Amino acid sequence: MEAHALTGPSAWLAIDWMLAAIVSWLAIGTVGVVRPHNFYVVARVLFPLGAVVGVLLAAAALVALHSGPETAVLPIGLPGLPFHLRLDALSAFFLLLLGATSTGISAFAAGYFRKGEGTPPGLLCLLYHLFLASMAMVILADDAYAFMVMWELMALSSFFLVTANHVIPEIRRAGYLYLLIAHIGALAILLCFGVLQANTGDYTFANMRLQQLSPFWASVAFLLAFAGFGAKAGIVPLHIWLPEAHPAAPSPVSALMSGVMLKTAIYGLLRVSFDILPTPLWWWGVLALAVGLATALFGVVFAAIQTDMKRLLAYSSIENIGLLIVGIGLALLFTAYGMAPMAALALTAVLYHALNHAFFKSLLFLGTGAVLHATGERNLGKLGGLLRFMPWVGWLALVGALAAAGLPPLNGFVSEWLLLQSFLFTLGLKSTFVNNLVPVVAAGVALVAALGGYVMVKFFGVIFLGQPREPRLASSHDAATRERIGLVWLAAGCVLLGLFPVQVIALLDPVTRALVADGIGPQVLSNGWLFLAPVAPERASYSPLLFLLLLTACFALAFVLVRKLYHGRLRRAAPWDCGFPLLNARMQDTAEGFGQPIRQVFEPFFRIERHLPTPFDVAPSYRLVASDHFWHWMYLPIARISEATSRIVGLLQQGRISTYLMYSFVTLLVMLVLVFR
Amino acid sequence: MSFYSATAQLLAILLAVLGAPLLTGWVNQCRAWLQNKSAPPLLLPYRTLHKLFWKESVIAENASPLFRFAPYVVFGAMVLACSIVPTVSTDLPLASAADAIALVGVFALARAFIALAAMDIGTAFGTLGARREMLIGFLAEPALLMVLFTAAFLTQSTSLANIVETIGTQEFAIYPSLAFAGVAFSMVALAENSRVPIDNPATHLELTMIHEAMILEYSGRHLALLEWAASLKLFAYSCIGLAIFFPWGIAYVHEPVGMLLAVPVLVGKLAIGGAALALIETLSAKMRIFRVPEFLAGAFLLAVIGILVHFLLGA
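Going down the list, the sequences are from chains A and B. Going by the working numbering, the first residue of the first sequence is number 27, and it counts up by one from there. Going by the working numbering, the first residue of the second sequence is number 4, and it counts up by one from there.
Possibly wrong hints are sitting among the right ones.
As the list claims (entries may be wrong) - Mimicking DSS-like on lysine-lysine, the simulated pairs with C-alpha atoms at most 27 Å apart in a straight line are:
#1 LYS58/B / LYS289/B
#2 LYS40/B / LYS54/B
#3 LYS590/A / LYS58/B
#4 LYS272/B / LYS58/B
#5 LYS54/B / LYS590/A
Keep in mind the hints are simulated off the structure, nothing from the lab. No experiment lies behind these values; they were computed from the predicted model shown.
Please take these sequences and the hints and turn them into a complete structure.
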């Protein structure tokens, strides 16, 4: 291990480049806030610069993935409590994710933020870059102190970004909810670190790794970490802030939150449960499997019935987080039973999916941002047919939607494939109970993946296909150049991550080696660059490039042959629709209609309030609200109890100084009695 | 890639692409016989394809490019599916490009494209068909995956060629897990190929159709490609079923002669399978659309039970 802290530029290590990138982000933010209303500088200079810094960070992370761990000590913070930083393979991977994704998002943001929308652009620029820098620092932190400070900074900067358009009451409410859950989570994480340091008073992660916790305390620490990081990631039942806050934020911020910030929670969970804690117990894995599957299923079912495009994507993020947690659970199980190669496979799937989700979800959120700017509409029921008016956004969003639906040969499929492959190895598990549980979870994952396809067909079909549901949509404009650059960057990521899985897995190898002391990289590389065979080629193999080539060849051959043997004549006419002449845009399925089968099949998932018109209504109206059971079963009772308690406590507050003096006097008396008894 | 395996691959693809309409024709003929109707000629699907290819393609004024290229994607996906399913030989070089899970992915890709194309024009029937197709898909897809998982757990491989070789070369035994999987697979195959209890390929009665509602706006060569793709899908599904549950007769890697024998065996098996399909279609009545999720959930659960049985009994 090399110790290092900002010496001369001749000996710069990757960690120094990281710090340079973080400092540049902070500098960019500071420049922005100097002239908060200078829109031109912010959009033309600062955000593009931020994107370049993102590339720098990603490049440094790529180098750091294969070099050994590097540490640094920053003399900031309290006296005697400096920030310890450490760059190992795990943090390098998540920094790569952050850098690569933020490049596309920053490029898009350069064209996105407009004058006169809530917070001034300069201030947004500061908060945005502060958010990026704090996420990078969270990933670099090597002691609980630095971690918590940066974690809070991340929560606060994103809170202010969520409430950028704070004139709208719903957005303020969403921001409040977000802050509340974020702090409950932060408390749990803080307690977890308290348990992990085992009364030594030394809060560095290096010390925590040395502590030999008893199984009980290790489990307590794991549960606290699971709850704390889970609150940030949005696991059920701590997910309620996510569908409120993500849609409320401006689209680039939604993209950052869904694509990157949720991954910092996954990073934290991996860091604590695989790096800091000793060998996991088997039931941690079972817990993660169960909660993960519940989260994934819950997320995807709710996504299918949404009518707001950004809420739909937020619920789909919950689904993907659930899949990640399932993968982590599987890796925990395998590690607990000492099956390191399998754990490496499951972890590879988790990391790969985290990277994929960062790319496709950011792409989709940015796509909704472009749609929102072009139409001013978030409601799916008022969109439609936009592929014709916004071809760039439309076709790039199609790439994102197909990737999110987990369809080959794009990236979403590769990680789902890896996850399913790791389920197929459970035969060797020693416990019969777990052995029977795991295939059931695999079935659940398959169901979630298929429902993900439903959601994405709905998302893309309702927004971009069909006829425009409102006449004014016909004047929607396509994304501008800087927005296009951001979208193309992310879409290219989706395609490349999908087509070259072998190379990506070779990059992930050092990470899994650091976490579970095994990796599937050499095995995968030994089968050549074309075929992905995580275990053995006769067991399972997949080659996305060949897949795409075959598909293209069939496509081209059919295309050419039909024209050679027959003809290529084409005539355009009015739609046929079984001869119905009075077709209009209102006759298409709305988002509600498209989600109706899911609402019917999964009815127990929803709390449905339905208002049906009677035949005698003068102005008949139909209203349906499908809400979350957790609100009514969990959050509202808790809110009622805490309100009642505070009302009782409030009786003490009389607002008169004599009463308060009286309280002090009585307290003193009681103390005296207790002491001299 | 040896000459033999290249030949085997080419033969498999040609057999599928050229033979698939014949299977559709055979099923239609059997069904007509069973229903006391005078049967259409066996080669009618070929004539229909020829006729459609000759006709001019008429598409809606507001159709996007997606609508035009979706039939090619669907057709390509189905050819790809047929080229990785062992039909006459397990020595398929292309099979290593996509295993059983990727095969499910191919079907999902085709489904997504055809559903998106159906939504493209913005007609009431198109979106209705797309919604129903996705409804069937989200239950049928995991059920199919679980059926393939059962076979994968049995043989420790997700490569279809290896599954066929392992099951085919083992001493003959009836696996209880495969029995469950077999029932589940037949249910999924009926749903996925828009067959009678779920959908009716012969109907144009608006309120009951699913697949036909999606392709209502297509004509000419696009429709021909989609019809051909539907035949290919039926062929692929039949061959998946035959490969997992009746793998005998398929040539293995080092059997050039076996391949010649495998073709008549395959034709025989498909003839019996097609007749069985016609029988099922004749004996059952079409379900209401909201019975379909129950039917498919049943298939899904059966497939999961199949896996659990495998874990509990080890067979």
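How the hints compare with the structure:
Of the supplied pair hints, the one linking LYS58/B and LYS289/B is violated, its CA atoms being roughly 32 Å apart against a limit of 27 Å. A hinted pair counts as satisfied when its Cα atoms are at most 27 Å apart, and LYS40/B with LYS54/B qualifies at roughly 24 Å. Between LYS590/A and LYS58/B, the direct Cα distance comes to roughly 14 Å. Compliance with the 27 Å bound is thereby established for this hinted pair. Distance restraint check for LYS272/B and LYS58/B: the Cα-Cα separation of roughly 35 Å exceeds the 27 Å cut-off, and the hinted pair is therefore not satisfied.
At most 27 Å may separate the alpha-carbon atoms for a hinted pair to count; LYS54/B and LYS590/A meet this at roughly 16 Å.
Of the numbered hints listed earlier, those contradicted by the structure are 1 and 4.
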